[in-house]
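S.K.: All chains, full assembly: derive it from the sequences and hints.
These protein sequence lines are chains A and B, in that order. Oh and the first sequence: position 68 is 68 in this note's numbering, straight run, nothing missing. Oh and the second sequence: position 141 is 141 in this note's numbering, straight run, nothing missing.
One thing to keep in mind: the hints can contain errors.
[As the list claims (entries may be wrong)] Label pairs and their computed distance ranges (CB to CB): (1) 25/B - 92/A: 28 to 34 Å; (2) 7/A - 139/B: 48 to 54 Å; (3) 117/A - 333/B: 51 to 57 Å; (4) 102/A - 20/B: 21 to 27 Å; (5) 166/B - 74/A: 37 to 43 Å; (6) 20/B - 122/A: 21 to 27 Å.
If you're looking for bench data, these hints aren't it; they were derived computationally from the structure. Beta carbons are placed, not taken as given, at the ideal position from N, Cα and C, and that holds for glycine.
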Amino acid sequence: MSRYFTEDHEWIDVDGDVGTVGISDYAQGQLGDIVFVDVPESGKSLAKGDEAAVVESVKAASDVYSPVSGTVVEGNPALTEEPGLVNTDAETEGWFFKLTLSDVSELDTLMDEAAYEAFVANL
Amino acid sequence: MSDHDDDDVIIETLLLPLDGWHRARGGRMVEFAGYWMPVQYEGIMAEHLWTRENAGLFDVSHMGQLTFTSDDGGDVVAALEALMPADIAGLALNRARYSLLLNESGGILDDLMLTRQAKDRVYMVVNGATKYDDIGHMIEHLPDEITLNLMEGHALLALQGPKAVDALARLIPGVEAMVFMQAGAFEWQGHDLWISRSGYTGEDGFEISIAAEGAEALAEALTAQPEVKPIGLGARDSLRLEAGLPLYGHDLSTEATPVMADLGFALFKRRREAADFPGAERILAERESGPIVKRVGLLVEGRQPVREGAAVVDADGSEVGHVTSGGFAPSVGAPIAMAYVPLALATPGTSIQLAQRGKVHAATVTTMPFVPHRYFRGAK
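M.R.: Next up, the structure:
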């Protein structure tokens, strides 16, 4: 399984043609206390870069974009009751949604973990 | 991901006396009212709840501290009364009062706190973002005999929360004897202080004016107390929202009169009877027959915060009002908001609908504060 990152601080784990998407630990730290997450419903079709989810901290609302094109398989039901999972477990339990990728080659445009770390270090 | 709201571009952002202290304490600095200020240290939620339980230290040195005096027989009290609806003549020495700077048509130019330091001397605290406009307005309208001094070399610290009195009285004995909206001169380690028992969180607490040179030592001494942590602007905003206190530039503007803003308590009886404050004719008529719109509190259903700029919509989806402040309320555990709505919708218990980014949210008009005030009004 490989993990990729976007410049907008989403991550995606890819296993076969199914991806799991969340926001990075850096991103949750910047947002602060997360109080609400709106995840997409299964069956929703997303193009790369589409607004896929909304995450709200005490301070502000932010969009989460889909790192790749595909069809949503499920949104993370745990985030409805416990949006704070994004703060405590951003890159594991706090995932936002899973989707089936329609074009695996889009992953080539994303950063790997080392490249993302270097990207964040320069912010 | 990206924020919905863009930051304003400010050409020169100024440093406040405690800038280095905030950075050393891990404060995340943002531009606010033309200054770099800490928005949070450990997190807004934790800081908010800490202040409600213990005591929080807020740096509010961006606010304008002003004094009004006269050397040649000018009447400071009468001159200031001409600009606002407060009864200053009836204000005892060392007592503070909330008031509103009004324009000719009764619109709110700023909200402020004033304290009568002597018979003919008034100390005033105005909002940071509006202080230079306020000064311009006052210089234009005050008689020449009145001297307005901006205390630029002074910091202002707010210590807020139920344990604020314990922490402050340990350093500065005597402050515990004051009651809400009382003020006085104190001294700490050779620094002159002006302290009032007031604040912007709904909790008991104090606001402390000190010359910039002493500010860091005082902040250090206060945060060394076990009850006290430094608190950022983020929690200041969520605390004041829960306390039902309006924020100028958001919940108050020249578009609103004191009656529309539901600040009728600031219209003092003597001044209403004399009808001698700016915009009195319009404001008194509104007070009599009701304003067209009114500021109300809203309990928002669900978990998603509804924020400033969201529309209040009627059954047909037409915009009939707007949200001026909103967010998740840590002590309430739910989203809350302030909005201007038509008078017919302003009664507590009224169900209304809010539209934000293509989504409709149900809300109920409620009385404010959302969290009860706990001001100290005297020993029980």
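S.K.: Confirm or reject each hint.
M.R.: Cross-check of the supplied hints:
1. Between residue 25/B and residue 92/A the C-beta distance comes to about 31 Å, which sits within the given range of 28 to 34 Å.
2. Distance hint check for residue 7/A and residue 139/B: the Cβ-Cβ separation is about 49 Å, which falls inside the suggested range of 48 to 54 Å.
3. The hinted range of 51 to 57 Å is not satisfied by residue 117/A and residue 333/B, whose Cβ atoms lie roughly 36 Å apart.
4. Roughly 52 Å separates the CB atoms of residue 102/A and residue 20/B, a value that falls outside the hinted 21 to 27 Å.
5. The beta-carbon spacing between residue 166/B and residue 74/A, approximately 51 Å, falls outside the hinted interval of 37 to 43 Å.
6. Checked against the hint of 21 to 27 Å, the pair residue 20/B and residue 122/A passes, with Cβ atoms roughly 25 Å apart.
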